[in-house]
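Chains as they are written, first to last, in the numbering used here: chain A, 147 to 584; chain B, 22 to 92.
Derived from the structure by calculation, the hints contain no laboratory data. Just so it is clear, the structure is predicted and the values come from calculations on it, not from any experiment. Treat the hints with care, as some may be off.
As the list claims (entries may be wrong) - Derived pair list, reagent style DSS-like, types lysine-lysine, alpha-carbon separation capped at 27 angstroms: (1) A:K558 to A:K396; (2) A:K468 to B:K29; (3) B:K23 to A:K206; (4) A:K196 to B:K43; (5) A:K438 to A:K503; (6) B:K43 to A:K359; (7) A:K235 to B:K64; (8) A:K454 to B:K85; (9) A:K200 to B:K23; (10) A:K454 to B:K23; (11) A:K200 to B:K43; (12) A:K172 to A:K206; (13) A:K533 to A:K362.
Here's the letter readout for the chains.
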Amino acid sequence: MFGHTNMLILKLTRDCNLRCKYCYIKNKDNFKGEMMEFYTFKRIIQRIIKDRKKATYPPKIFTLVLHGGEPLLAGHKKLRLFLGYASRKFEESGVKHRFSMQTNLTLLSTEILSVLHDYDVTVGVSFDGIKESNSSRTDINTEKFDTHFRELTDFNINFGFLMVVNKANINNIAESLDYIFKKYDTGPLKINYAEDVLGVGGSEVTGKEFFEKAWKVVLDRFLEKENTKQLEESNLSNILERYFSNIITKKNNIEYMRSNCGLKICGGGSNIIEINPDGSVHYCGRYSEDFKETYIQNIEDEEFLELKQISRYFDTVKVKHKILKENECDLCPADGICDHGCPAFYYSKYGKFGLRKDLVCEIFIPLYYYLVKNEIRLFNKLYETKKNQDGIWYLNLHLNIEDEWIDNITKKFKGYYVERDKNFKTENFNPQIAIRKK
Amino acid sequence: MKCTFCGKEMDEFQVGVTLNIKTSRLRNDDTWEEVPNMSLSSKEVLCSDCFSEFAEVLNEQVLKAKNKVEK
Ligand code: SF4
Ligand code: SF4
Ligand SMILES: [Zn+2]
Numbered sequence: 147m148f149g150h151t152n153m154l155i156l157k158l159t160r161d162c163n164l165r166c167k168y169c170y171i172k173n174k175d176n177f178k179g180e181m182m183e184f185y186t187f188k189r190i191i192q193r194i195i196k197d198r199k200k201a202t203y204p205p206k207i208f209t210l211v212l213h214g215g216e217p218l219l220a221g222h223k224k225l226r227l228f229l230g231y232a233s234r235k236f237e238e239s240g241v242k243h244r245f246s247m248q249t250n251l252t253l254l255s256t257e258i259l260s261v262l263h264d265y266d267v268t269v270g271v272s273f274d275g276i277k278e279s280n281s282s283r284t285d286i287n288t289e290k291f292d293t294h295f296r297e298l299t300d301f302n303i304n305f306g307f308l309m310v311v312n313k314a315n316i317n318n319i320a321e322s323l324d325y326i327f328k329k330y331d332t333g334p335l336k337i338n339y340a341e342d343v344l345g346v347g348g349s350e351v352t353g354k355e356f357f358e359k360a361w362k363v364v365l366d367r368f369l370e371k372e373n374t375k376q377l378e379e380s381n382l383s384n385i386l387e388r389y390f391s392n393i394i395t396k397k398n399n400i401e402y403m404r405s406n407c408g409l410k411i412c413g414g415g416s417n418i419i420e421i422n423p424d425g426s427v428h429y430c431g432r433y434s435e436d437f438k439e440t441y442i443q444n445i446e447d448e449e450f451l452e453l454k455q456i457s458r459y460f461d462t463v464k465v466k467h468k469i470l471k472e473n474e475c476d477l478c479p480a481d482g483i484c485d486h487g488c489p490a491f492y493y494s495k496y497g498k499f500g501l502r503k504d505l506v507c508e509i510f511i512p513l514y515y516y517l518v519k520n521e522i523r524l525f526n527k528l529y530e531t532k533k534n535q536d537g538i539w540y541l542n543l544h545l546n547i548e549d550e551w552i553d554n555i556t557k558k559f560k561g562y563y564v565e566r567d568k569n570f571k572t573e574n575f576n577p578q579i580a581i582r583k584k
Numbered sequence: 022m023k024c025t026f027c028g029k030e031m032d033e034f035q036v037g038v039t040l041n042i043k044t045s046r047l048r049n050d051d052t053w054e055e056v057p058n059m060s061l062s063s064k065e066v067l068c069s070d071c072f073s074e075f076a077e078v079l080n081e082q083v084l085k086a087k088n089k090v091e092k
């Protein structure tokens with residue numbers, strides 16, 4: 147199971163201390179007090195180690211995401227017990243790993259901060275923005291957030307922001323970005339669109355609104371602001387990387403790597419899996435409840451050649467393929483950059499697999515045209531923000547470089563010297579192109 | 022070295038069995054496109070007993086399945 151899985155979403159509990167409007171987990175009230183047992187946790191860690199030992203190409207780094215509900219409900223003692231065990235076992239068996247956690251931070255304490263610090267846990271925090279942006283959430287305001295962020299900084303804990311765009315924050319994305327980047331020396335944040343999975347209404351914005359008032363705002367800021375250090379949003383960073391890779395190689399590079407979200411046929415069930423507090427294994431943590439259709443097996447179930455998981459994943463591949471064909475995504479101009487929607491959200495909302503064309507296409511088709519119209523400016527800006535001290539931008543295309551691609555870059559983007567990176571290493575399969583300004 | 026299936030310490034033989042899967046889908050434009058997350062490799066290292074059993078069972082069961090698919 148873990149022979150080819152690089153990320154585990156481990157739900158310590160499905161209970162949460164908040165009740166945010168756009169949350170996709172169903173029936174949180176049924177999970178009051180639920181918490182994973184140490185025994186189950188140990189069995190999961192042992193399974194990860196065992197499966198990776200016999201794997202042909204285990205992913206280089208294994209990421210364990212402590213998730214929920216709210217994982218901090220576990221309390222500092224249990225978190226230290228779990229992370230201590232995992233960290234010692236992983237070290238002993240040479241499993242290179244990262245710990246991360248998705249939390250609302252409201253239960254942060256000095257003891258918890260010290261656990262996060264000691265085990266190098268990267269914390270993903272939801273930040274919806276300033277002022278009325280937080281009105282979709284309960285018990286959260288900007289002042290409280292500031293206190294928590296300061297505490298994380300004091301304890302030297304890495305953190306990244308996730309902003310879910312919904313009706314409450316759609317109109318002040320720029321102000322919220324200004325606020326974050328003025329205050330914190332942080333990398334790009336992630337801006338996702340909310341989907342009204344539970345059908346309660348009131349939270350979801352249209353695809354058109356999302357593109358125009360969120361992602362386009364980020365792109366405009368990137369192009370127009372003087373001395374920008376970075377593109378402020380990470381989905382767009384990946385999309386830009388893919389866009390330029392596609393035009394340079396003149397092929398649709400969705401094929402180049404295994405990944406989780408954002409791929410035409412996402413990795414839920416293969417590259418990424420989710421485990422519930424009772425040890426049941428599912429496709430992905432984004433499903434609103436335990437569906438029979440998304441169940442893979444239990445952590446204690448035996449498996450030969452990982453065939454149980456592979457065949458369950460293949461079931462989704464077949465369904466997703468049919469949906470892509472029906473919607474003619476293969477013939478869409480935005481195909482090479484589109485995320486093709488989250489199957490978990492769709493399934494949770496409609497009880498079957500499908501594609502929210504109203505939402506997804508309204509975001510990605512205009513985005514595609516925006517990229518085409520601005521590709522030269524974007525390329526120049528990427529060079530400015532990505533070049534190192536020697537003025538070189540190393541562009542990684544994740545493929546073995548062909549000479550023709552170098553020509554494609556020089557023809558399209560004037561004023562650059564382009565060559566293969568001399569430190570090119572096949573061993574790591576990390577082929578890069580070095581770009582300099584003339 | 023222990024057999025990855027039965028867990029017994031291996032002597033005399035260890036047989037590595039690797040399954041390489043490469044999956045592509047047929048696009049709307051009639052060309053093939055790889056499905057990266059469905060292109061993978063898995064492995065077991067078996068003791069001689071487990072391998073013999075595996076070879077026999079696989080052969081039998083696969084033929085059975087073939088009949089089922091053909092019908
Ligand atoms: S189901 Fe959704 S969240 Fe999970 S990997 Fe797929 S796209 Fe990502
Ligand atoms: S924009 Fe719509 S039609 Fe185009 S690839 Fe994405 S989901 Fe498919
Ligand atoms: Zn055996």
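Hints and how they fare:
Between K558 (chain A) and K396 (chain A) the CA atoms are separated by roughly 12 angstroms; this keeps the pair inside 27 angstroms, and the hint holds. Proximity of K468 (chain A) to K29 (chain B) is assessed by CA-CA distance (about 44 angstroms); at most 27 angstroms being required, the pair is judged violated. A hinted pair counts as satisfied when its Cα atoms are at most 27 angstroms apart, and K23 (chain B) with K206 (chain A) qualifies at roughly 23 angstroms. Between K196 (chain A) and K43 (chain B) the CA atoms are separated by roughly 24 angstroms; this keeps the pair inside 27 angstroms, and the hint holds.
The suggested pairing of K438 (chain A) with K503 (chain A) holds, with an alpha-carbon distance near 25 angstroms, which does not exceed 27 angstroms. Distance check on the hinted pair: K43 (chain B) and K359 (chain A) sit about 41 angstroms apart at the alpha-carbon level, beyond 27 angstroms; violated. Simply put, K235 (chain A) and K64 (chain B) have alpha-carbon atoms about 22 angstroms apart, close enough for the 27 angstroms limit, and the pair holds. Straight-line distance between C-alpha atoms of K454 (chain A) and K85 (chain B) comes to about 19 angstroms, which keeps the hinted pair within the 27 angstroms bound.
With a C-alpha separation of about 10 angstroms, the suggested pairing of K200 (chain A) with K23 (chain B) holds against the 27 angstroms cut-off. For the hint pairing K454 (chain A) with K23 (chain B), the CA-to-CA distance comes to about 22 angstroms; that is within 27 angstroms, so the pair holds. For the hint pairing K200 (chain A) with K43 (chain B), the CA-to-CA distance comes to about 20 angstroms; that is within 27 angstroms, so the pair holds. The hinted pair formed by K172 (chain A) and K206 (chain A) fails the criterion: a straight-line CA distance of about 34 angstroms is larger than 27 angstroms.
Annotation: proposed proximity of K533 (chain A) to K362 (chain A) holds, straight-line Cα distance about 24 angstroms (limit 27 angstroms).
Checked against the numbered hints listed earlier, the structure breaks hints 2, 6, 12; every other hint is satisfied.
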